[in-house]
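Undergrad: If you want the building blocks of each chain, they are given just below.
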Amino acid sequence: MNSKKQWIRETMESLEGIHRAQSDLLVFPKVMDPFRYPLKITPAREHRQRWQIAAGLALLVTLNVFSLVFYDRFTAASQNTEKIIASEYLSYLDTIQF
Amino acid sequence: MVNLLEEKRFIENLKNGEPSAFNMLVDQYHDRVFNTAIGLLQNGEDAKDVSQEVFIEVLCSIPAFKMQSTLTTWIYRITVQKSLEWIRNKNRKKRFAIFISLFGKEDQIQKTDPAPFYHPGVLLENKERAAILFNAIGRLPLNQRTAFTLHKVELLSYTEIADVMQVSIPSVESLMHRAKQNLQRLLADYYEKNEQ
Chain A
70 MNSKKQWIRE TMESLEGIHR AQSDLLVFPK VMDPFRYPLK ITPAREHRQR
120 WQIAAGLALL VTLNVFSLVF YDRFTAASQN TEKIIASEYL SYLDTIQF
Chain B
4 MVNLLEEKRF IENLKNGEPS AFNMLVDQYH DRVFNTAIGL LQNGEDAKDV
54 SQEVFIEVLC SIPAFKMQST LTTWIYRITV QKSLEWIRNK NRKKRFAIFI
104 SLFGKEDQIQ KTDPAPFYHP GVLLENKERA AILFNAIGRL PLNQRTAFTL
154 HKVELLSYTE IADVMQVSIP SVESLMHRAK QNLQRLLADY YEKNEQ
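Chains as they are written, first to last, in our numbering: chain A, 70 to 167; chain B, 4 to 199.
Calculated from the structure, these hints are not laboratory results.
Computed from a predicted structure; not experimentally measured.
Don't be surprised by glycine CBs; every beta carbon is placed ideally from N, CA and C.
There could be a bad hint or two in this list.
Computed cross-link-like contacts, DSS-like style, restricted to lysine-lysine with a CA-CA straight-line distance of at most 30 Å [claimed, not checked]: (1) A/K74 / B/K155; (2) B/K183 / B/K196; (3) B/K97 / B/K155; (4) B/K130 / A/K73; (5) A/K73 / B/K196; (6) B/K96 / B/K155; (7) B/K96 / B/K51; (8) B/K155 / A/K73; (9) A/K73 / B/K183.
One side only, chain A facing chain B, incomplete, derived with CB under 10 Å [unchecked claim]: (10) K73; (11) W76; (12) R78; (13) T80; (14) M81; (15) S83; (16) L84; (17) G86; (18) R89; (19) A90; (20) D93; (21) V130.
If you want a taste of the chain B side facing chain A, the calculated C-beta under 10 Å gives, among others [stated by the list, open to error]: (22) V36; (23) F37; (24) I41; (25) A118; (26) H122; (27) V125; (28) A134; (29) I135; (30) K155; (31) K183; (32) Q187; (33) E195.
Turn these sequences into a full structure, and let the hints guide you.
TA: Below you can see the structure in the form of structure tokens.
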């Protein structure tokens with residue numbers, strides 16, 4: 070048990086004395102040589118604009134779909150309403166005795 | 004005070020897009036960025052790629068940098084974010100591959116135990132034990148892994164870690180405490196399986 074605890078303690082301490090891993094600047098070609106490796110950078114503002122345009126288009130399409138759906142229902146409803154009014158008027162006329 | 008003024012001037016030069024300022028930035032920070040990335044990712048090639056992504060991000064975002072933190076803290080923050088994104092993407096691909104393997108050939112199944120990672124900065128006499136420790140670190144939850152790596156590999160203080168992770172110092176203390184408990188448990192399991 071003591072050897073296990075000691076082993077764990079020693080393993081936990083194995084990073085003592087660690088120093089930074091060195092990196093060679095030449096391993097960063099995209100950063101150090103932008104002419105050879107042109108960066109495709111999309112600025113943050115452009116990202117936002119693209120999302121705003123997409124949201125606007127989605128809203129337009131949604132509105133159009135809703136108006137088409139409700140136009141059909143409204144037209145059908147209004148036609149029924151006209152028929153009802155006309156039949157009531159005609160039946161009213163029938164009741165009038167001249 | 005002088006350092007703050009110098010830093011302010013340096014940031015202004017970066018915002019103005021001066022190539023010499025950017026070269027100085029890369030020169031000053033590339034070791035810190037690479038060391039943090041390699042500590043979190045435990046892979047030299049991945050760390051190189053992420054390090055480049057970090058400097059590209061710095062280049063793109065420096066105009067919007069409001070100096071609410073120091074430049075160093077900001078760069079560490081970007082490095083941690085990019086590294087964690089990389090890890091999440093890799094884990095997502097692994098899960099997808101395992102799902103595919105249910106319907107495909109057995110040789111598509113991913114190994115659960117990665118190759119041992121030997122950090123180039125560890126003392127020679129500690130290399131094997133450190134590799135076992137890094138394996139255990141790789142199994143920690145990401146926030147514990149981040150705090151532990153920043154403290155033990157990049158040697159940041161708890162105050163600096165709190166600034167980078169944008170949490171309180173007691174939160175960092177709690178993360179470190181839980182990380183150490185989890186690591187001891189994982190190492191105990193490893194000892195039972197391999198060392199006895």
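Undergrad: Confirm or reject each hint.
TA: For each hint, the structure was consulted:
no., hint, verdict
1, A/K74 / B/K155, "holds (20 Å)"
2, B/K183 / B/K196, "holds (20 Å)"
3, B/K97 / B/K155, "holds (28 Å)"
4, B/K130 / A/K73, "holds (19 Å)"
5, A/K73 / B/K196, "holds (12 Å)"
6, B/K96 / B/K155, "holds (29 Å)"
7, B/K96 / B/K51, "holds (20 Å)"
8, B/K155 / A/K73, "holds (22 Å)"
9, A/K73 / B/K183, "holds (16 Å)"
10, K73, "holds (5 Å)"
11, W76, "holds (6 Å)"
12, R78, "holds (9 Å)"
13, T80, "holds (5 Å)"
14, M81, "holds (7 Å)"
15, S83, "holds (4 Å)"
16, L84, "holds (5 Å)"
17, G86, "holds (5 Å)"
18, R89, "holds (4 Å)"
19, A90, "holds (5 Å)"
20, D93, "holds (9 Å)"
21, V130, "violated (31 Å)"
22, V36, "holds (8 Å)"
23, F37, "holds (4 Å)"
24, I41, "holds (5 Å)"
25, A118, "violated (17 Å)"
26, H122, "holds (6 Å)"
27, V125, "holds (5 Å)"
28, A134, "holds (9 Å)"
29, I135, "holds (6 Å)"
30, K155, "holds (5 Å)"
31, K183, "holds (7 Å)"
32, Q187, "holds (6 Å)"
33, E195, "holds (8 Å)"
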